[in-house]
Amino acid sequence: MHRLLAFLTAAVAVGATLITNNTTGIPSSFEYIIIGGETAGLAVANRLSVNHSVLVIERGADQRDDGNINNPLIATAGFPPDDICRGLGSMPPQVGSNGTKLRVQDVRFGNCLGGGSSINGMGGFRPTLAGLNALEALGNPGWGWDDFLPVPKHSLHQMHNPFLTPRVHSAAKEMAESVYGVTVTQDIGDRFSGGHVASMYYHIHFNETLQTQRRSSSAWSFLYPESQRRSNLVVLTEHTVNTITTTNRSTDGNITATGVTLLPSGGGDMLMFSVSREVIVSAGSIFSPGVLQRIFYKASESHQFWIFPVWARTHDNASFQDHVFISVSFPIIDVFQSDTNVTVNAPTLGVIPAYPTAKQSFGDQEAQMISSAVRNSISAADQVIASGGIVNAQSLELQANVIANAYEVDHPLTEFYVTPGVTLHLVAQSMLPLSRGSVHINTTDPFAFPVVDAQYLTIDSDIEIVTRAARHLGLVASTPPFSDLINDTTSAAIGLPDVNASDDAWRT
Numbered sequence: 460m461h462r463l464l465a466f467l468t469a470a471v472a473v474g475a476t477l478i479t480n481n482t483t484g485i486p487s488s489f490e491y492i493i494i495g496g497e498t499a500g501l502a503v504a505n506r507l508s509v510n511h512s513v514l515v516i517e518r519g520a521d522q523r524d525d526g527n528i529n530n531p532l533i534a535t536a537g538f539p540p541d542d543i544c545r546g547l548g549s550m551p552p553q554v555g556s557n558g559t560k561l562r563v564q565d566v567r568f569g570n571c572l573g574g575g576s577s578i579n580g581m582g583g584f585r586p587t588l589a590g591l592n593a594l595e596a597l598g599n600p601g602w603g604w605d606d607f608l609p610v611p612k613h614s615l616h617q618m619h620n621p622f623l624t625p626r627v628h629s630a631a632k633e634m635a636e637s638v639y640g641v642t643v644t645q646d647i648g649d650r651f652s653g654g655h656v657a658s659m660y661y662h663i664h665f666n667e668t669l670q671t672q673r674r675s676s677s678a679w680s681f682l683y684p685e686s687q688r689r690s691n692l693v694v695l696t697e698h699t700v701n702t703i704t705t706t707n708r709s710t711d712g713n714i715t716a717t718g719v720t721l722l723p724s725g726g727g728d729m730l731m732f733s734v735s736r737e738v739i740v741s742a743g744s745i746f747s748p749g750v751l752q753r754i755f756y757k758a759s760e761s762h763q764f765w766i767f768p769v770w771a772r773t774h775d776n777a778s779f780q781d782h783v784f785i786s787v788s789f790p791i792i793d794v795f796q797s798d799t800n801v802t803v804n805a806p807t808l809g810v811i812p813a814y815p816t817a818k819q820s821f822g823d824q825e826a827q828m829i830s831s832a833v834r835n836s837i838s839a840a841d842q843v844i845a846s847g848g849i850v851n852a853q854s855l856e857l858q859a860n861v862i863a864n865a866y867e868v869d870h871p872l873t874e875f876y877v878t879p880g881v882t883l884h885l886v887a888q889s890m891l892p893l894s895r896g897s898v899h900i901n902t903t904d905p906f907a908f909p910v911v912d913a914q915y916l917t918i919d920s921d922i923e924i925v926t927r928a929a930r931h932l933g934l935v936a937s938t939p940p941f942s943d944l945i946n947d948t949t950s951a952a953i954g955l956p957d958v959n960a961s962d963d964a965w966r967t
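Numbering (this note's numbering), first residue to last: 460 to 967.
Accuracy of the hints is not assured; some may be wrong.
Stated by the list, open to error - Pairwise CB distance ranges, derived in the manner of DEER restraints: (1) Pro939 - Val881: 17 to 23 Å; (2) Asp963 - Ser549: 25 to 31 Å; (3) Ile663 - Ser937: 29 to 35 Å.
Please keep in mind that the hints were generated in silico from the structure rather than gathered at the bench. Beta carbons: idealized from backbone N, C-alpha and C, even for Gly.
Please take these sequences and the hints and turn them into a complete structure.
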């Protein structure tokens with residue numbers, strides 16, 4: 460009886476879509492196989508399965524009833540350490556902005572259906588008119604501001620917080636101006652004028668009937684709703700892909716995917732599914748490279764080095780880029796500890812965001828200098844290659860010029876956000892870093908965590924921008940209204956330099 464019950468709970472038919480962790484009864488062949496049930500994978504599966512048979516293979520579980528995932532106010536940092544969807548790994552020690560201090564950084568990923576969208580902060584960064592038009596000018600017709608604007612207007616409805624307190628929640632003009640030097644404009648309020656000031660918004664699903672809110676993950680967007688059910692779609696959870704099987708090289712040098720081999724994520728016998736059209740790798744930036752690199756190792760064992768000649772020249776690495784966060788927390792003084800407007804119980808991550816431009820961060824003269832530094836980061840390609848990454852020098856030079864141009868027309872340089880609570884938590888990051896690292900595998904074991912080396916601060920212009928972002932955090936803490944919430948001596952007590960200290964002091 461127990462065995463039968465276990466089997467019955469292993470498969471969930473969402474209408475015509477089968478979501479299961481049991482391969483019993485699943486067809487052995489599909490037109491398309493998608494490796495990874497995260498945002499991109501589920502979006503593609505949703506479209507393809509209208510007219511084609513599709514198998515999605517997800518290494519994590521189906522966690523649709525997990526309270527941590529469904530609560531839109533909980534981000535990764537707030538998840539319990541043992542939460543099944545909160546995947547954690549680590550990377551080699553990273554060099555700090557002073558060039559000497561080494562720190563081991565976590566690698567966090569969503570280990571369930573929906574991927575990172577199931578555990579992230581649900582915040583979106585609204586692009587600017589200048590940024591989108593620059594993207595279109597690079598050769599991407601249909602990606603300009605005029606094409607983009609109808610999308611958020613159609614899907615976004617701003618809901619005002621009934622508990623909003625102007626002095627705490629950044630609704631007051633004097634607060635926004637005094638904290639970041641960002642002048643309050645109409646664009647911050649309506650977010651659709653196309654001005655240079657960027658803004659942040661949250662993807663939260665609100666059920667009008669039940670009067671409840673829920674995280675708007677990709678699984679809840681493309682998979683679970685009744686309107687998205689597909690008779691051609693099978694989602695296999697708790698299975699890890701080992702490698703993609705291929706044909707031998709044809710006379711024209713091409714190879715063709717024939718299927719995948721996989722294992723239960725908890726261990727077990729090797730399985731195989733065949734494919735008649737395509738295998739699509741969408742396992743995220745952490746795990747996708749390993750799936751492809753294991754094909755290369757398979758070819759290497761049979762002395763067929765023709766499959767991935769680029770990786771063969773670069774020690775089998777794939778490029779990796781991430782944003783380095785700078786964060787600091789200040790204890791709230793006793794007089795505000797019982798003030799629920801300050802120490803809210805379930806704060807939304809980054810409830811007070813701001814996006815300073817280069818001019819606001821550096822001043823006119825220094826902003827031009829940092830723009831030139833970005834533009835002149837031509838040697839960045841050599842640095843990336845030296846650290847084991849893959850980059851096209853011409854492409855990186857083009858990106859550097861586009862980024863520099865964006866800064867010169869006041870595209871946001873950094874992102875700041877404040878999360879109130881029992882501590883005042885401030886976070887900053889660079890918006891468009893040039894530093895790049897790599898991801899590679901050093902074993903063919905599909906369960907081994909990849910070697911993820913972000914190389915966060917290896918480009919001089921990135922170091923300058925992050926240093927200025929750190930200084931801004933100090934300014935935030937020393938400026939009303941936030942300075943009213945903490946003791947005058949707190950910054951020094953936790954090791955922050957004086958706001959007027961040298962850049963060298965802030966780099967430490």
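Hint check results:
Here the CB-CB span from Pro939 to Val881 is close to 20 Å, well matched to the stated 17 to 23 Å. Checked against the given bound of 25 to 31 Å, the beta carbons of Asp963 and Ser549, roughly 29 Å apart, stay inside it. At roughly 33 Å, the beta carbons of Ile663 and Ser937 sit within the given window of 29 to 35 Å.
The structure agrees with every numbered hint stated previously.
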